[in-house]
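Student: Sequence:
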Amino acid sequence: MSAPEAMREGQSSARPPYFNGQNYNWWKKSMEIHIQAEDYQLWQIVEDGPPTIDEGKKGSKSKAEYTADDLKKLEKNSKPIRLLYCALGPNEHNHISGKATTKEI
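Numbering (our numbering), first residue to last: 237 to 341.
These are calculated hints, taken from the structure and not from any lab test. Careful: at least some of the hints might be erroneous.
With a straight-line cut-off of 25 angstroms between C-alpha atoms, the simulated SDA-like cross-links for lysine to any residue are [as the list claims (entries may be wrong)]: (1) 297 x 308; (2) 315 x 249; (3) 335 x 307; (4) 308 x 283; (5) 297 x 307; (6) 308 x 260.
The structure presented is a predicted model; accordingly, all values stated were derived computationally and were not measured.
Taking the hints into account, I'd like the entire structure generated from these sequences.
Tutor: If you want it as structure tokens, here you go:
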């Protein structure tokens, strides 16, 4: 068995491994390691879902009411989503567009 296409010339540690529709198990493990190396908390978000935002006394907050802590939580959820989007080609993009969390992706 030959090496996956992405491995033939080596990979960049700065870019997530690219999924071309083949060798899913290799890509999945490579992606897990890439996200963990980027920030282990990001991998926890992938596994457990996004951090929750305190909704306050009235119920749901408007975006104008978000605190700096709320924005950091939203940013933490966006980072693994960005890594996954960068790792997928246009064919796979159609399967994940509209998903709000990495757990859904």
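Student: Next, verify each hint and record whether it holds.
Tutor: To see whether the hints hold, each was checked on the structure:
For the hint pairing residue 297 with residue 308, the CA-to-CA distance comes to about 15 angstroms; that is within 25 angstroms, so the pair holds. For the hint linking residue 315 to residue 249, the alpha-carbon distance of about 16 angstroms falls within 25 angstroms, and the restraint holds. Of the supplied pair hints, the one linking residue 335 and residue 307 holds, its CA atoms being roughly 19 angstroms apart against a limit of 25 angstroms. Under the criterion of a C-alpha separation no larger than 25 angstroms, the hint pairing residue 308 with residue 283 is consistent with the structure, at around 18 angstroms.
The suggested pairing of residue 297 with residue 307 holds, with an alpha-carbon distance near 12 angstroms, which does not exceed 25 angstroms. Taking the CA atoms of residue 308 and residue 260, the gap is near 31 angstroms; set against the 25 angstroms cutoff, the hint is violated.
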